[in-house]
Amino acid sequence: MSPCLSDDALERVHADLGSIAERAHLAGCAACTGRSRLMRRDLELITAVLRETREPLTQVTPARRRWIPAAVGLSMAALALLVWVEVVVWRAVTPVPATMQPQEVAAILSDVSASLFSVNGDPVPAAADDSPLTLEGMARDVDSSLTGDEP
Amino acid sequence: MAAHYGRLRRLCRLLLGDPQEAEDVVQEVFLKAHEAERLARSPMDWGAWLTRVAVNGCRDRRRAGGWMRFRLRSTHIDDLPLVADTPAPSEAAISEETRRRIWAAFRDLPRRQQEVFALRYIEEQPTTDVAQALGLSPGSVKRHLYRAVRHLRRALGDAR
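In the order they appear, the protein sequences are chains A and B. Counting in numbering that gives the first Met the number 0, the first sequence runs from 0 upward without gaps. Counting in numbering that gives the first Met the number 0, the second sequence runs from 0 upward without gaps.
Please note that a few of the clues may not be correct.
Stated by the list, open to error - Coverage of chain B stretches by chain A, computed from C-beta distances (three or more under 8 Å per stretch; other residues unrestricted):
no.: 1; stretch: 97–107
no.: 2; stretch: 120–128
no.: 3; stretch: 141–152
Honestly, the hints are just simulated from the structure, not real lab data. Glycine included, C-beta positions come from ideal geometry on N, C-alpha and C.
Model the full structure from these sequences, guided by the hints.
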């Protein structure tokens, strides 16, 4: 005689999905027949509850709240995408505004001042001077332009 | 037709979980039946036809989805249990916890398993009729039934 059927096998037989051997065992085994009877009683109880009793009023069941993690995940992904677009893509495609470097500004200013205070009309081009621009230097340039001396 | 009213109402209540929505679906089913009769398109088997139309109506309602938000609000006054109401003998015999667990387990089942279980065990229809009503093969009905019963029995086992 084959060993007794598991609960799973009994449920399969009950759903008419059991093999011929399982059904044959159930027909000949008193223990399995008893368990099958208990199973049928469970099913009668379940059916009676669903058929005859009112469904308890409940709040939204967890099964219906499954969309919440998905919504949170999607929001996070959207936020990350937004940040990435802002930081990487947007910065890469946006041209840097044309601003002059401080050295260029200083050179132009010194050109302007040299032209303004030029005596012989031939100012020394400031761009040629690579030395850093300082107030003392600028004052010396102005003095030399006024006096006509070489700086 | 009147003989089917209570049966369909119970079936729709079971599938939708909302008495008002169930009532609406049953009304729609009978309107369709009336229309079919008027157009001389009466089915051979009214019972099976009504069941199929009712199940499809419930599916449409569930798909629409929005009704669930108003579920508690839409509970009809007649369906609310009275505070001092004496429980029915069937309710008294079964513990509150057992009932709660069975209902929760049933609601937890996938839609198809709920339909198969309701038609096979609550409506007591043979497997072939269930398969025909739901457009499934008999083998598929048995598999759905097996999974549904296993899930419900586990819930019952936990309640003991």
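Going down the list of hints, with the structure as the test:
no., hint, in the structure
1, 97–107, "holds (count 9)"
2, 120–128, "holds (count 3)"
3, 141–152, "holds (count 8)"
Violated hints: none; the structure is consistent with every hint.
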